[in-house]
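J.: Now for the letters of each chain:
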Amino acid sequence: MKKNLQHPPLSVLRPLRVLLAGNPNSGKTSLFNALTGARQKVGNYPGVTVERREGRWRIPGQDVLVRDLPGTYSLTAYSPEERIAQDELTHGDHDVVVVVADATVLRRSLMFLLQVMQLGANTVLCLNMSDEAHKAGQVVDTLWLGELLGIPVVETAAARGQGLDDLKAAVLSAATRTGPGVSAEVAAALGGITQPTAGGEASVERMRRLAAAADLLLARVLVAAPRPNARRLTTRIDAVLAHRLLGLPLFLLVMYGVFWVTFTLGAAPMDWIDAAVGGLGSLVTAHWPGSPDSALLSLLVDGIIAGVGGVVIFLPNIVLLFLCLSLLEDTGYLARAAYLTDRVLSRVGLHGKSFLPLVTGFGCSIPGIMATRTIESERDRLATMMVLPLMSCGARLPIWLLIIPAVFPAAWRTTAMWSVYVFGIVLALGLALVLRGTILKGDATPFVLELPPYRLPTLRDVLGRMADRSLVYLRKAGTVILAISIVLWALSTYPRKEHFDVDDALAGGAVFTEQEIVARQAAESLAYSVAGRIGRALEPVFSPLGYDWRIVTASLGAFAAKEVFVSQMSIVYALGDDADPGDVGERLRADYSPLVGVSLIIFLLVGTPCMATVAVTRRESGSWRWAWLQFGGLTALAWVLAAAVYNLGRLVA
Amino acid sequence: MPANAALPALTPALEDYLESVFRLVTEHGFARVRDIAEARGVKPGSVSPAMRRLEEAGLIRYERREYVALTDTGAAAARRIYSRHRVLRRFFGTFLGLPPEIAEADACVAEHSLSAATLDRLVRLFEYMEVCPDGRDHLRHFHQCSRVQEGADHCPHHCPALHGLGERNTVMSVADLRPGQKGRVRQIEGQGAIRQRLLDMGILPDTTIELARIAPTGDPMWIRLQGFELALRKNEAAAVLIEAL
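Residue numbers (my numbering), protein chains in the order written: chain X, 1 to 653; chain E, 1 to 245.
Think of the hints as simulated: they come from the structure by calculation, not from any bench. Cβ atoms here follow ideal geometry from the backbone N, Cα and C, with glycine treated the same way. Just so you know, not all the hints are guaranteed correct.
If you want the footprint, here are the derived chain X segments under chain E, 3+ residues with CB under 8 Å [unchecked claim]:
id, segment
1, 95-107
2, 244-258
Derived lysine to any residue pairs resembling SDA-like cross-links, with alpha carbons at most 25 Å apart [to be verified]:
id, chain 1, residue 1, chain 2, residue 2
3, E, K182, X, W288
4, X, K497, X, V284
5, E, K182, X, V284
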């Protein structure tokens, strides 16, 4: 352990750097949260999309910087997470490595620990979830274990905040003192094995030696082994939740519950935010010091406040969806969900782990695409990302609420709404199959998923996770969407029309109410603007789908954010942007055949994923190539499907 | 075979000469000494002593100077040697999948050292492999297997024979377990990420694995080992060879 020899003495000037390493499900993040509380920062490792979590651990007299490594089972670098963990452990600038082990899975944890110790850092073994292990009847002689390993060993139960003081003492002692190294007995069992090179072929011999050393340690220090029926409760729950026949229906029920919570409970706060955004706009307008026709005011109110507000309005949905998913994840149910859905997803070349991102996509594509990070295989990950926009997101709901009542008789509306979602899912699965058979061709990736025991989640962990993800969404709204809102505002505002037809009409003796005049001017402005001109220019492209320039212009808005389609439609129809969707629906019904409505639903469901989705795909896939393929491919597919439906429908009708 | 008695007297070299004469006679209707020399790749001068021996054994006779013919006994013996050669060549070539040159060379060597009984069985095996539909499948699988061993694509079958485990009847994979049944790990197959993942999870030789349940569609499978539980696809499960307990 040469590193220790050069180690500087503890100093108050330089923070002590501590890495947390361990298997997934070892309660590492829970421990991290317990140590750092709210003093943490979530970012990305440069160049890869693996989350980097750092936080400060307050120890009197010593500043400690804790970094939570991605959960890994080994250091052989197959997935991006493993590569990062290995890199950090090998080359990182750290003083102490805390190996967080699930005390209920000792053998595997010790094998991982021995691999980490071989990297030569000052190591501390933290037997986490010791409360669970004790309850199962397991007793470990930690002092002896520490002696045999030559490192401090502590027991913690991070979810209950137990053992943190012991851990603190162990970390400080490990930072100042070089351990004596593993005992001769353990070293003999290990037999001089070395760390494999990155990407090297797994060696049974190496793992066997690690296992032999772990077994030797256990034989010495395991005072009482856990009862064989320690997982009885989990097994009983699984007998129902993972049941051959009941499992899937129960899973669908759970998902239904998640959506109910997301959309029903989310409705009220959405109204508040809507009102607040509207109120803010009015407030700014009312207190505007300059002219009410000022371009800056328009930018602020119509561009920024309305644009960002239109995204923030989905925050309640997003927060609730993430709350539910965090709960499901922390209890252990998501692993069962992956088990239950893997078969269906693997048939189309996806992965059980694609399931969570796809479901998240019903809330919003952005967090869904970000959630694809958990998928190890690059191909599976890209395929999931590419088809994710087909999950009908929350922002598309207002569009369906506008078009469906305008097109379908009352009795059919629920079925129509349901069909839109199902159509999206089926198309996504089909497209995934095509992608995995063509540009993302490759062998099926291994699906080896641990099914942890069911655990009661802690409020801190669930809320923390929810907050992390929601913040990412908000940050998007603050950056990409802000920029897009400004661009879109400019497109639909400039060039400004100085002379309105409605004024001529008024001069010619026509009579309009004040409201009508404003609305007509808005409609003329939009038609005159770049957006309106683009709409007209693109009209021939979209006429095979049954659209006129109005729909095309409104669809340009949908590219910025899907729900903008609705407000753009009300503007082009000169109904004012606060028009009741029912009124817009009336106009739709009057101007277009139901077939155009269906064609429009298909186009907006399949095509033009919003700009924020394209931006986040660019970031998560690491190249514009995939982002534009997603945008272009889906839009082309949407065009073909919508054109086919529209023209076949006309033939039949 | 009654004529068998005459054969042990012949050395491999003489058998080869007899065979060459047979092939020349069959092809051209006659065999000249210099053709024989050419076929065997020797000087014409070396042929005469061999021919004299064969004449003494009553297998050939000189029609004229330089022209050799087979006696009835000689023709029978030669035919048997030649068919042995052909069977072996086909065996090495078509069956074992060796390149023609190696098949030809090895057939030349082996035809002299195999007993008639062994040869007879080989012919039968060959016929079974070529004619019986099962046999043809086996032959196909065998060829696939050889390619796999030479590093080609992955074999869909998992057989212990590849690894010299031998006991075919007791070795199976986790994918063959029934819910509630246990097995002890013998061997981890597969390559790359799959193998690594399985090893990392502590699935090592001598680990005991229990199949907890199988998903409704038969895939993935849910296993228990060493105090924890894993879900893995049938594909991965098939890579873990076990001995049923």
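J.: Counting residues of the segment 244-258 of chain X that have a beta-carbon nearer than 8 Å to any beta-carbon of chain E, does the count reach 3?
T.: Check passed, 4 qualifying residues.
J.: Within a Cα-Cα threshold of 25 Å, do E/K182 and X/W288 meet the stated pairing?
T.: Distance ~77 Å between E/K182 and X/W288 Cα, so the pair is violated.
J.: E/K182 and X/V284: Cα distance at most 25 Å?
T.: Status violated; Cα separation ~71 Å.
J.: Could you grab the alpha-carbon distance between X/K497 and X/V284 and see if it respects the 25 Å cut-off?
T.: At roughly 24 Å apart (the allowed maximum being 25 Å), X/V284 and X/K497 satisfy the hint.
J.: Count the residues of the segment 95-107 of chain X with a beta-carbon closer than 8 Å to any beta-carbon of chain E: does the count reach three?
T.: holds (count 4)
In summary, the numbered hints that this structure violates are 3, 5.
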